[in-house]
Structure formats: structure tokens, C-alpha cells
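K.L.:
Spelled out, the chains give:
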Amino acid sequence: MGSRVLLRSAALAYLFVLLLAPVGMIAYRTFAHGVSPVWTSLSSGSARHAVFLSVLVTAIAVPLNVAFGLVAGVAIARRRMPAGRMVNLLVNLPFAMSPVVIGLALFTLYGRGGWVGDWLAVRGIQVLFSVPGLVFATTFVSLPFVVREVVPVLEEIGSDQEQAAATLGAGPWTTFWRITLPAIRWALAYGIVLSAARALGEYGAVSIVSGNIVGRTQTLPLLVEERFRNFDAVGAYSAGFVLALISLVIVAVMTLLSRRKEHS
Amino acid sequence: MSIDAMSVTKTFGDFHALRDVSVSIDRGKLTALLGPSGGGKSTLLRIIAGLDEPDTGRVYIDGRDMTNVPARRRGIGFVFQHYAAFPHMSVWDNVAFGLKVTRTAKTTTKQRVAELLELVHLSGLAHRYPSELSGGQRQRMALARALAVEPRLLLLDEPFGALDVKVREELRAWLRQLHEQVHATTVFVTHDQEEAMELADQIVLINAGEVEQVGAPEELYDNPASPFVMSFLGATTRLGDALVRPHDIEVLAEPSAGAHEAMIERVLGLGFHSRIDVVLPDGSSVTVQLTRAHAQQLELGVGDIVFLRHMPGTTVTTNG
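So the sequence lines, in the order shown, correspond to chains D and S.
Converting from the first sequence to the numbering used here requires adding 503 to each position, the first position being numbered 1.
Converting from the second sequence to the numbering used here requires adding 9 to each position, the first position being numbered 1.
Calculated from the structure, these hints are not laboratory results.
Check each hint, because a few of them may be wrong.
Here are a few chain S residues that face chain D, going by a calculated C-beta distance under 8 angstroms [what the hints assert, rightly or not]:
(1) Leu60
(2) Ala80
(3) Gly86
(4) Phe87
(5) His91
(6) Ala93
(7) Phe95
(8) Gly107
(9) Thr111
(10) Trp183
(11) Phe281
Glycine is no exception: its CB is placed at the ideal position from the N, C-alpha and C atoms.
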């Protein structure tokens with residue numbers, strides 16, 4: 504009994520020191536001088552653009568990951584292609600790699616003198632220091648989530664239902680929409696939320712390819728960092744608070760989804 | 010519809026599921042693919058359905074080469090061992106699925122689903138979900154779903170394998186009845202020889218990827234092509250060089266030409282039957298089954314010497 508209480512207290516203290524206290528401090532610091540400086544700081548042009556850009560990049564990256572995740576997930580789980588195992592390994596790469604390295608890789612590939620960068624530059628397309636670069640970096644780092652959520656569920660349900668649909672006259676497309684997709688819907692939703700959370704918060708890879716041009720390529724995490732470096736405490740805390748708030752909403756949605764996932 | 014599989018071979022890695030199998034299944038009959046687990050019978054059924062592709066060989070349905078035709082265009086109904094129910098759809102939607110995807114008119118769909126639910130005794134449960142049904146009910150739903158598209162060929166993979174004994178017996182009788190009603194050629198896979206004997210018009214006995222024998226149940230029982238067929242379809246015992254059924258052995262009190270001398274080790278009364286275990290001078294044991302009245306008439310006791318021979322005209326296979 505005593506040891507259990509001790510364990511619980513230790514776990515709570517750990518959570519408090521590492522998680523609750525820092526997040527709480529951000530909220531406290533943000534509003535230390537009342538609401539009006541926060542409002543001023545958040546309604547500035549650069550802040551509004553940073554929020555817009557982060558949401559835009561996420562809104563492009565997540566659907567790309569959903570499309571890729573479903574195709575790769577079915578290919579891996581149904582072993583429809585010989586390279587399925589290879590894809591399975593590669594999909595985990597963004598997890599294992601430091602985002603900064605991913606950013607560097609994109610930089611060398613798409614920058615001046617890079618193989619793809621020069622080819623595109625001739626055609627007037629600029630990837631680095633513009634929205635496409637941000638989308639590439641963000642998509643890359645948030646790539647594994649949908650695949651990793653969807654594959655175990657696909658493997659668990661097996662292919663009997665899909666084969667049953669085929670014997671009843673359903674083509675592959677109908678079978679996917681009416682049988683496979685409903686079966687994985689909660690796992691897919693969970694993957695989307697995780698992917699969106701990662702995309703919104705991404706800093707490392709994005710910081711290298713963005714060039715951090717205020718009002719053009721500065722995302723919300725980059726804005727926080729810049730304001731922090733410029734000793735704009737209220738500005739940094741306010742933007743940071745917005746990010747933390749989004750995370751809280753995401754955690755709430757995840758909790759709801761994981762409950763649905765277990766019930767189905 | 011008649012089915013002809015010609016020289017079908019299928020391997021999974023190093024495992025030979027089917028080796029050069031050729032078999033013909035007659036139109037309108039209820040056929041059992043019978044055999045021990047891992048013998049290749051389910052693989053053959055799945056190849057007929059188009060769910061698996063043969064490595065070599067061809068499949069003809071009603072004389073038409075269907076080898077490269079996808080499952081959805083073969084005009085079949087398939088019932089999976091574990092039902093493969095669509096869990097996010099009600100019983101009604103499960104049964105209607107095949108009609109919906111083939112764009113059948115709504116009024117026809119409604120009428121047909123109602124008829125089928127009636128046929129499988131699930132009318133009252135149309136709005137339930139598969140998770141709210143018992144195993145037997147799920148299996149009947151799976152059957153109704155397969156029948157909805159009016160298949161010319163109904164294929165069932167171990168249809169009663171996952172059910173308990175009582176439900177299994179009910180469903181057996183019911184499947185037999187259903188087969189007469191719907192007039193589809195029906196093929197089912199089973200490892201239960203009793204189930205095959207009771208239900209089927211024709212049995213295809215498959216073992217180790219090869220067809221051992223094809224024929225009516227009595228034919229396989231009375232004229233087995235090999236010792237394997239004989240022992241798979243019922244009890245056997247070895248008398249000298251011959252494999253015989255325990256109830257086909259004659260017990261004599263006096264020596265006779267061709268009869269083996271033996272000593273009784275055990276006498277068991279099993280209701281209508283009696284079983285005696287005897288031992289031959291070479292030490293081999295033989296089991297004999299006879300009616301209780303006959304056993305009493307012979308006044309058999311442990312330690313008695315008797316003489317055994319297989320009754321003339323009965324089934325015997327010799328070691329070969």
C-alpha cells in the first residue's frame with residue numbers, strides 16, 4: 504500500500520516537473536501583464552501570417568500523408584507488392600532521423616547546386632524559402648503517422664471481408680470505400696490527428712528550408728523562436744501559448760478517438 | 010454448374026498445397042471436399058472461387074475457362090469459415106451488399122433481402138449488427154448474403170467448423186434442405202467424414218495435395234481405393250495383411266480355412282454393440298465389433314481362443 508502511494512506520487516511529481524509546470528508557466532507568463540498586450544502581439548501582421556502559414560502547410564501536408572498512408576498501408580498489410588517490407592522500413596525513417604538532418608537533406612537537394620533545385624530553378628520554380636519547401640519538410644516529418652496507425656488494423660481484420668465483397672460482385676474501388684475504409688476509420692482519424700499535431704509543431708526541418716522570412720515563410724514555431732531571441736517575452740509567450748492551446752485540443756480529440764478505436 | 014479443375018498445382022513457398030489435381034464436380038449436386046487439415050481442400054475451393062490463383066492448371070465452370078476471370082465475375086457465392094461478416098453493417102445491409110454493388114433496383118433488393126432473411130430464419134433480426142448475433146445466426150446471415158446474388162455455384166469453406174456440436178447438426182440438416190430449394194451446385198469443404206457422409210451426394214477425398222478418390226459416400230465406404238481412404242472414412246483394424254472394418258470380422262469357435270487364431274484380451278459391451286480386443290500369436294492386436302446378441306451367443310470370455318476371418322464380400326484393402 505505504502506509503496507503504491509509512493510510510486511504514484513513519484514509519477515505525478517515527474518509529470519508535474521516535466522510537463523505541467525512548463526506548460527502552466529507559459530500560460531502564467533503569457534497573461535502576467537493582462538490580456539491586452541497578448542492581444543496586440545497576436546493580432547500583429549507577422550503573427551497572423553504565421554498562424555495562417557502553419558495552418559496552410561498542415562492542410563496540404565496532412566491530405567498528402569493520408570493519400571500516401573492509405574496506399575502504402577494497403578500495400579504493406581496486403582503484401583500486394585514485393586517491396587512492401589522495404590516500404591515498411593523506409594516509412595519509419597522520418598521517426599528515426601533528426602528533423603534538422605531532414606531539413607539539410609532537402610536543402611542540398613533543392614538548393615542552388617542541388618540536383619533537383621537547379622533543374623527546377625531553370626523552370627522558374629523555387630522550392631526553398633517558399634511554401635513548397637515548407638510543405639515538403641512538413642510532409643516528410645509527419646509521414647509515418649497514418650501508415651503506422653492503419654497497418655496494424657488492416658493486418659488484424661485480415662482480407663476475408665474484402666474477399667467476401669469481391670465474391671459478391673464488388674470491384675476493388677467499391678470494396679475499398681465500403682469495406683476497408685469503414686473498418687480502419689478510427690485508426691485513420693487517429694493517424695490524421697497525430698500527423699496534424701506533428702505538422703503544426705514542426706520546427707527543425709522547417710527552420711532550415713524556410714529562411715524565416717517574416718510575413719512570408721515564417722510558421723508559428725519559427726515565430727516563437729524569433730521573438731524569443733529578440734527578447735520579446737510577451738510576443739514569444741503569446742505565440743507559444745497558441746501552440747500549446749492547439750496541442751491541448753489535439754490531445755482531447757485523440758483521447759476521444761482512441762476510445763472509439765477501442766470500442767470498434 | 011459443373012466444375013472441372015484440370016491439372017491444378019499450387020505451392021505456397023516450399024509447401025505443395027495441390028499437386029496436379031484434376032477433378033470434375035457434377036451440376037446440381039452437393040459435393041464435399043473431404044480430407045485431413047492441410048491436405049489442400051480449402052485451397053482447391055479458393056481456386057475454384059477465384060480467390061487464389063493456381064500456379065499451373067485451369068479451372069472450367071460449365072465448360073468455360075474461368076482461370077483468369079476475377080472472383081466477382083464467376084457467378085459464385087462463397088461462405089467463409091469465420092463468416093467474414095461486415096461488422097459496420099446491419100444484417101439487412103450485409104445481405105443486401107451484393108445486390109447494391111451490382112446496382113439492383115431498390116424494390117427488387119428489398120423484396121429479395123426479405124425473402125432471404127425469411128429463408129434463413131433471421132427476419133426478426135434484420136436491424137441487428139453481426140456482433141449481436143450468435144455463431145449460428147452469423148453463419149446463416151453469411152449464407153443469405155452469398156445467396157443474394159443468385160449464384161450458380163455455392164462454395165462453403167468449413168461452414169460449420171467454428172460452431173458447437175448441437176448448432177452444427179441443426180445447420181447440416183438445414184443446408185441439405187436449402188440445397189434442394191435453391192438448386193445451385195454446392196461444394197463444401199470439411200475435415201469431418203461424418204458430415205461429408207451425411208450431407209454430400211458426392212465426396213472428393215483429398216490428402217497431401219492429391220485427390221485420393223471421388224465418388225458417392227457409399228462407394229467410398231464400400232470400395233475404398235486405398236488404405237488411406239478406408240481408414241479416413243471409418244474405423245479399421247488390421248487382420249494379418251489386410252485392413253478390414255471391425256464389424257466385418259467373423260468370430261468362430263472352431264478353426265476354419267483362412268481364419269486366424271487369436272486370444273481374447275478384453276470384452277466391452279457398448280450398448281447395441283460389443284467390442285472385443287483380441288491378440289494374434291504374432292502379438293498384433295485386432296479390434297472386432299459385433300452385435301451384443303451375437304457376442305452373448307458365442308459366450309466370449311477373456312482368455313478364450315477364437316478364430317477370426319473377414320466376412321466374404323466385405324471391404325478389404327491390403328498393404329501395398
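K.L.:
So which hints don't hold here, by number, going up?
P.N.:
Hints 10, 11 are the ones this structure does not satisfy, whereas the remaining hints hold.
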